[in-house]
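Enquirer: Residues per chain, in single letters:
There are 2 protein chains.
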Amino acid sequence: MDLDKYMTEKKLVIEAALERFLPPADASSARLHESMRYSVFAGGKRLRPILCIAAVEALGKDPAPCLPAACALELVHTYSLIHDDLPAMDNDDLRRGKPTNHKVFGEAVAILAGDALLTLAFELVAGIDAPAAARVDMVRMLARCGGTEGLVGGQALDLSSEGKQVSEATLERIHARKTAALIETAIMFGAVCGGASPGQSDCFSAYGHALGMAFQITDDILDATGHQEKMGKRTRRDADAGKATYPARYGVDASRRFAAGYVTRAVGALAGFDERAWVLREIARPLATRDR
Amino acid sequence: MDLDKYMTEKKLVIEAALERFLPPADASSARLHESMRYSVFAGGKRLRPILCIAAVEALGKDPAPCLPAACALELVHTYSLIHDDLPAMDNDDLRRGKPTNHKVFGEAVAILAGDALLTLAFELVAGIDAPAAARVDMVRMLARCGGTEGLVGGQALDLSSEGKQVSEATLERIHARKTAALIETAIMFGAVCGGASPGQSDCFSAYGHALGMAFQITDDILDATGHQEKMGKRTRRDADAGKATYPARYGVDASRRFAAGYVTRAVGALAGFDERAWVLREIARPLATRDR
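Quick mapping for you: the protein sequence lines, in order, are chains A and B. For the first sequence, our numbering gives the first residue as 1, with consecutive numbering after it. For the second sequence, our numbering gives the first residue as 1, with consecutive numbering after it.
The set of hints was computed from the structure by calculation and includes no laboratory data. Keep in mind it's a predicted model, so treat the numbers as computed, not measured. Hints should not be assumed to be uniformly reliable.
Identical chains blur together in the list; that is why a pair holds if it fits in one copy or across any two.
What the hints assert, rightly or not - Lysine to aspartate or glutamate pairs mimicking DMTMM-like chemistry, simulated, CA-CA at most 25 Å apart:
#1 K164 - E107
#2 K103 - D90
#3 K243 - E107
#4 K243 - E34
#5 K164 - E34
#6 K103 - E162
Required output: the full structure, derived from the provided sequences and hints.
Expert: Right, dumping it as structure tokens:
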């Protein structure tokens with residue numbers, strides 16, 4: 001099977017599951033539920049759930065019981081985008097080619113939709129069909145990667161670094177928290193669900209971190225060089241906002257080399273895995289030359 | 001021991017624990033951490049953690065291992081206040097006699113501080129010294145009471161009901177979700193940590209729901225009749241905003257009767273418990289005549 005076919009198939013499975021897990025548009029909280037669904041079904045690539053599933057498969061296990069946890073990753077990702085897009089934060093009007101949540105539902109509902117998606121994510125992870133100890137581990141992983149040392153801390157650092165010349169360490173820390181942490185958690189969810197050995201977990205962790213860094217750097221390169229129509233969101237926002245990015249600090253060519261270096265490290269971390277890790281390898285490789 | 005002395009002693013224990021659990025004001029996320037601490041240490045009564053501890057004690061068990069979970073309830077309560085006070089929501093400038101979080105730290109940091117407190121709450125609950133199955137149960141309880149059927153759904157319904165004549169059922173649903181759900185969860189955390197039997201859990205659940213409803217109704221009565229200096233926040237906000245409240249729908253006297261009825265039900269639910277449930281009984285009784 002080729003990667004595109006795999007991604008398309010898994011995307012359908014994940015979206016059917018998200019449909020089941022999200023609350024219906026009922027009478028009492030119709031706008032809130034609509035708002036949650038609007039952003040979750042706004043056309044995401046489902047990278048994080050797919051990585052989780054692919055990691056379980058790389059260990060030769062059935063990913064089906066892990067599906068709610070995989071979806072929880074997408075909910076956390078979506079919540080972080082809704083809150084980051086708010087006027088008080090990055091003030092973005094466009095996301096994946098559509099008006100951002102608060103443009104459609106207003107700020108109050110957008111804030112609440114984000115809160116509700118984050119909360120639902122923990123409910124889904126705690127409810128999967130796995131031993132309680134594994135579920136507790138995953139709740140703790142998700143909380144750590146979402147909190148002050150992860151997504152929230154990264155966004156706070158990103159906002160407070162706007163318009164400043166930041167150190168290499170700060171730049172890496174922003175990217176590690178804002179993007180790499182959740183991608184690494186996706187892989188580690190797969191490790192827990194697939195019963196990885198401690199050694200395998202370490203390799204997955206190294207893979208997830210490197211992949212996440214490569215992903216964020218290429219995202220920043222695209223923002224600096226890409227076309228709005230291709231990206232489905234306003235480009236060159238980072239430069240306008242004085243954001244701390246690799247292209248801003250090192251230029252586009254050096255940033256491409258950074259990304260390629262992380263891809264090499266990601267693929268290298270999988271050296272001990274057999275051909276069942278093919279999806280994890282194939283997802284990483286194009287990031288060195290990604291253009292959408 | 002009298003109730004005031006008990007509350008004062010437990011408050012100190014809880015605040016020392018919160019101090020340990022909250023992230024330090026370090027260099028990289030100083031504003032975010034300060035903002036979290038500002039609202040957590042803004043002078044709350046710690047009602048929810050105290051209820052959790054008192055419920056464990058009513059079962060004759062040591063509440064110490066449950067302390068992080070008790071603190072998690074306070075973090076969720078604080079997160080919901082920070083987000084509810086935002087300009088896009090209730091637009092409140094004053095809370096417990098101090099400027100609200102966004103007035104001090106700005107909206108972006110206030111939103112992130114709320115997100116971080118909610119996330120940290122799940123980390124604390126998942127990390128307590130209890131069997132994994134109990135921890136998973138508590139994570140699921142917290143997620144349900146925080147989500148679309150609880151805090152977030154209640155706030156969405158509250159906002160969408162502003163300026164409208166709502167039905168008795170809608171009014172009760174708003175209060176049940178916005179306030180009673182988290183208070184009931186506090187008691188149920190105590191039930192789980194204290195190893196309550198199914199019968200005891202049912203009694204605790206009934207007590208928690210009735211106490212929460214009484215608490216919210218008396219809060220609304222105070223908003224309608226109280227003095228700003230005594231309350232530490234702007235009063236008569238509800239009427240100005242056209243909020244759905246018991247006093248607005250039934251008048252103050254009938255609302256007092258509703259509150260007293262809930263107090264009777266709360267105390268009645270504890271009939272099968274011995275004198276170790278004294279705190280739970282004593283906390284409920286003054287709500288029929290609460291004036292601050």
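Enquirer: Take the hints in turn and mark each one as holding or not.
Expert: Quick rundown of the hints versus the structure:
{"no.": "1", "hint": "K164 - E107", "in the structure": "between (28 Å within a copy, 21 Å between copies)"}
{"no.": "2", "hint": "K103 - D90", "in the structure": "both (13 Å within a copy, 19 Å between copies)"}
{"no.": "3", "hint": "K243 - E107", "in the structure": "both (23 Å within a copy, 19 Å between copies)"}
{"no.": "4", "hint": "K243 - E34", "in the structure": "between (32 Å within a copy, 23 Å between copies)"}
{"no.": "5", "hint": "K164 - E34", "in the structure": "between (38 Å within a copy, 21 Å between copies)"}
{"no.": "6", "hint": "K103 - E162", "in the structure": "both (23 Å within a copy, 21 Å between copies)"}
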